[in-house]
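Number of protein chains: 2
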Amino acid sequence: MTRAHLYTFTRSEELMDRARKVIPSGIYGHQSPTMLTFGAYPKFLARGQGCRIWDVDGNEYIDFMCSYGPIVLGHHHPKVEEAAMAQHAQADCQNFPSEKWVELAELLVSITPAADWAVFAKNGSDVTSWALAVARAYTGRDKVIMAQGAYHGTHPWCVPIPTGIPAAERALVATFQYNDLESLKRVVAENKGQVAAIIVNAFRHDLLHDEEMPAPGFLEGVRALCDQEGIVLVIDDVRAGFRLNLGGSWEPYGVRPDLICYCKAIANGYPLAAGLGREELRRMAESVFFTGSYWTAAVPMAASIATINTLREEDGIEHMRRMGQRFRDGMDQQARSLGIEITQSGPPAIPFLTFKKDAGFERSRLFCGEAARRGVFLHPHHNWFLMTAHTERDIDQALGATDEAFKVVKEQFGG
Amino acid sequence: MTRAHLYTFTRSEELMDRARKVIPSGIYGHQSPTMLTFGAYPKFLARGQGCRIWDVDGNEYIDFMCSYGPIVLGHHHPKVEEAAMAQHAQADCQNFPSEKWVELAELLVSITPAADWAVFAKNGSDVTSWALAVARAYTGRDKVIMAQGAYHGTHPWCVPIPTGIPAAERALVATFQYNDLESLKRVVAENKGQVAAIIVNAFRHDLLHDEEMPAPGFLEGVRALCDQEGIVLVIDDVRAGFRLNLGGSWEPYGVRPDLICYCKAIANGYPLAAGLGREELRRMAESVFFTGSYWTAAVPMAASIATINTLREEDGIEHMRRMGQRFRDGMDQQARSLGIEITQSGPPAIPFLTFKKDAGFERSRLFCGEAARRGVFLHPHHNWFLMTAHTERDIDQALGATDEAFKVVKEQFGG
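Protein sequence lines correspond, in order, to chains A and B.
For the first sequence, the working numbering begins at 14 and goes up steadily by one.
For the second sequence, the working numbering begins at 14 and goes up steadily by one.
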């Protein structure tokens, strides 16, 4: 068994010391170092190219987090950069939108069977909260239902750690269990005639939890319930969008939501979010006030058009699925050969791996930390992401690192 | 009197026809065409350079809206572009922040006497809502007070048109009259012991209203009231920040807020917002969950550092004040010579002009529309912005257009 690279994080730690002086926690939110294996990861990154990233100490990694989703084609993808820089030479943030505003909306509507129109913003939270407003305006009702433990952003109604959020701002949100249609029916019945929207992630991808694809009949049941009760069905496709299906993540199930929330992979790292909707909701979408300083900026829209077209032309969805499956199959075999019990869950392009008998995620943290020391950037608590820049050779190189990481887990924890 | 240029908007209207099919209202929010003089403005822009912008039909304008604030040095400012592109060549949106994360926080803290730390986000709304959460966590109280008619963003608690927003989500917000300390004291007394935060714009810049600078004693009174009642004082400096004073817009008054909200001019058009705070609030800021997909992206931070340094090195604040004053003086003289009564209000760098006896803003719309037809981009309902790229020659050229626009107002409306 080879030794891990001697990755050191001198510069990262220097920067972190400075950061702690002038930024609460130094780094906060989903990129907080407390989310990761202590001592095994850098804290600051310097560069990205394709599926490789380099930290501020010069250590190299194969990136399986994709900036927590946005990078879907690879860092500095030439087609995206060409489109973005061509637009940048003209204009970005102006008094009015650019032509890209129209072109991107047309493109999104053309590839999305469930949608007749689109709006744009900057964050996933912008569009999930907007979807509730549209649904409330449309139905004249106030309550919304989301799955227990689901992530829909950081606005008061849904932020997972509600410090500083008044209880009153969450009182209109009821919860059900993902994939448990009966639990949803109960909550709807308890709030009969009061529910404006049911918002559901494309599939279950809660932190610290095995992923769950929609169970057979679940989405159809949600759709039927919404139709029956006059409830607006919102898919939060922020994390999954543009990695599973270009027409929306529920298209393969034949279930069409009323509103779709996109962000992350929509523009390969350029800041953009989008809300898409059905014709029936257009008038209410017109009446909801929705705006932000940079929301019509042209460069992210040019990048988005190039990203979507490249995904389509190169069948990027299928490539990510294949590479994700290759990674999964490889790790499955490695774990089995060592007698380590793991669970790999979710779609191959947005995979997650947990260890059995690992309620505290100690095995996960050791495994991912050992992978990081060997130049593979995984996450012990949060799902991973594939990008089209991953080649078979990258996957196989990554598997070399995971094999050694599994062996360290075996050494320390046994089977 | 010269004829207006024959600006035509063929391409703008073609794009608008397409936009209406795939986007609610075609263009929504603060850039909606309904905000401007019918028929006198383009709807889509193509290019910007310095203080000039060009629409999709090739018409040129001197830009006095600055993308509604963000452009503070000029479109495509060379120093900002150099810094942004150098960073872009390395990385933008990654799994962790870049060194710029630390450098920008250090810079902001170093120039801001009221602040000991900073956080970053994407929109003004992100940081105004975050400020309330920090204040609520710190005080253990739920209520917040804002000025009637003030703009603090589009989140439920403050969105100016609350379509789709449940009354319950606004029930914790009480209002007072800007510059009326007694009205504020009354509201605080009515909510004794329950008020977490008072949030106040740097100065009064409500839509469709003459601007008001803080009245003598007002800010000092707000500060004293907050100290007395244990309330967190938040300045919403989103619109004014980096145009009036680099240390925060209240520094000239000697009044220091507890939390500062920045956005817009912070990065010359690159998407960035920041929240700054006092040491006492750091621990609670650490406990408030605050994050977004693109919030640690490096390019806007590199742009922000270059923007702030350029403003400082070139004394951009004083230049904008002088150019704004020159514009104001010129229009004042023009109006007086025609016997037209106008009100020019607010700071010269963020000016606004209204006509007396013009409750419906008909004169304003005619005036701004005639200026637009002559290549000067003003706004009839919303304050304007100066940028450092405005030269005396630009101001004088703009005054040539406003002189003619005043004459049209005189012709149609009399004095």
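Misleading hints may appear alongside valid ones.
Because identical chains share one entry, a pair is satisfied inside a single copy or across any pair of copies.
In silico lysine to any residue, SDA-like type, Cα no more than 25 Å apart, as pairs [what the hints assert, rightly or not]:
#1 K370 x M98
#2 K34 x D129
#3 K205 x A180
#4 K420 x G267
Calculated from the structure, these hints are not laboratory results.
(request) List, from low to high, the hint numbers that the structure doesn't satisfy. (result) 1, 4
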